[in-house]
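Counting in my numbering, the sequence shown runs from -9 upward without gaps.
Just to be clear, a hint being listed does not mean it is correct.
Derived lysine to any residue pairs resembling SDA-like cross-links, with alpha carbons at most 25 Å apart [claimed, not checked]:
id	residue 1	residue 2
1	K322	L12
2	K309	V180
3	K322	R312
4	K(-1)	K115
5	K246	E297
6	K246	G215
7	K309	V218
Have a look at the derived ranges for each label pair, beta carbon to beta carbon [unchecked claim]:
id	residue 1	residue 2	range
8	G175	E224	46 to 52 Å
9	E134	V180	16 to 22 Å
10	R174	N232	21 to 27 Å
11	D32	R263	51 to 57 Å
12	G307	E9	19 to 25 Å
No wet-lab data here; the hints were simulated from the structure.
Beta carbons are placed, not taken as given, at the ideal position from N, Cα and C, and that holds for glycine.
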Amino acid sequence: MLVLVEDKKAKDAAQKAMEDVLTRSLQCIGKRNIGFPSGNLDETMYANGDGTLWAAFSHANDAKIPRRWNAFGVYDSKRHTQMITVEINVPTTTNSASVAGFFAHDPSTGATYFMHDGSVGGGKKGVGRGAFMSWSGSVLEDVERTTGEPRSGIVIGRVDDPDLAGRIWTFVCTVREFKDAVKRGDLDNVAARKKIAEWDKFRDEASGRRKGRRRPEFDYFSYHGDVVRAIRDERQAMAAKNEVVVNSLLVDLMVKIGSRMTEIYEIKTDCGRQSLYTGIGQLLAHSVREGAEVNRTLVLPEGDLPEGMDLCLAELGIKLRRFHLTPAPNRKVVLA
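Could you put the whole structure together from the sequences, leaning on the hints where they help?
See the structure below:
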């Protein structure tokens, strides 16, 4: 299980590692005006051109809860003021959970991860963490604290990963799409409210049950959403007029015709035996009402499978789909 980085010196070191990676990946474009709801400020900005990630860093020592200010957005050279898409701020003198960003450490490997607790507002009253998490399909990982209940957050990426800018960019795009969906009113309906309520209930029931993962799994784990999107985009491009490609809290992806499920996909980011057992169980449990007609697909990273699993999948009629990541920086999911 990951452990919250609580010591100020350790947080400073993680912040420095994160900034070092980003300032090597992005070009310094000098001082730029940055806008936020309560005003604006001029700060040194890093970006690689229009329509790409911009990043800016500062200290917010005068805030009610002092913090390191880490702002991110989509760069637009035509704008005098660059707008913040999301802040991933980290408290400095305390470990307050009211600040959305934090660092988490894996004691077994020494790796440190940049995290966000999923508390993203949509710019509307009542639209917050549950709405963002249920809409985006992001996954929370529990992080152990020295006192109190575990804190949970989205694994953005390893602070020293050469592809950290790409991981943050993916998160920024997800947040931007969520805010656009809120503005369009996509979440202002009975189905969306039901999905949010289901997420809140599911989170309460699941709290504390998740087990820790080791470093290689974490590094791939942060790409789970990318794999889901790649499968979704590919399948949507081939969808017939009467087919819809959707997901739910319990199912990574499925194809439906009316109320009938015709395909179900479960994505796992490692090839360990326990992950395969879980994936197989999920595929069967969530499609049992559909009978033998439903197409079941387990999506795994490339690599050797545990002995006997090929035969198991074949006997159960479960198809196997593989993927891999391109080298850093700017890693991409490639479906096989």
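Going through the hints against the structure:
Distance check on the hinted pair: K322 and L12 sit about 18 Å apart at the alpha-carbon level, within 25 Å; holds. Only pairs whose Cα atoms come within 25 Å are accepted, and K309 paired with V180 is rejected, the gap being roughly 35 Å. About 14 Å separates the Cα atoms of K322 and R312, which keeps this hinted pair within 25 Å; it holds. Using a Cα cut-off of 25 Å, the hinted pair K(-1) and K115 is violated, with the two alpha carbons roughly 37 Å apart.
Taken as a hint, the K246 and E297 pair is broken in the structure, with Cα atoms around 33 Å apart against an allowance of 25 Å. The hinted pair formed by K246 and G215 meets the criterion: a straight-line CA distance of about 20 Å does not exceed 25 Å. A distance of roughly 16 Å separates the Cα atoms of K309 and V218; the hinted pair therefore holds under the 25 Å criterion. Separation of G175 from E224 is about 28 Å and departs from the stated range, judged on CB atoms against 46 to 52 Å.
About 38 Å separates the C-beta atoms of E134 and V180, a value inconsistent with the hinted range of 16 to 22 Å. For the hinted restraint 21 to 27 Å between R174 and N232, the CB-CB distance of approximately 25 Å keeps it satisfied. Separation of D32 from R263 is about 54 Å and conforms to the stated range, judged on CB atoms against 51 to 57 Å. Under the hint 19 to 25 Å, the C-beta atoms of G307 and E9, about 50 Å apart, miss the expected range.
Hint compliance for this structure: hints 2, 4, 5, 8, 9 and 12 are not met, and every other hint is.
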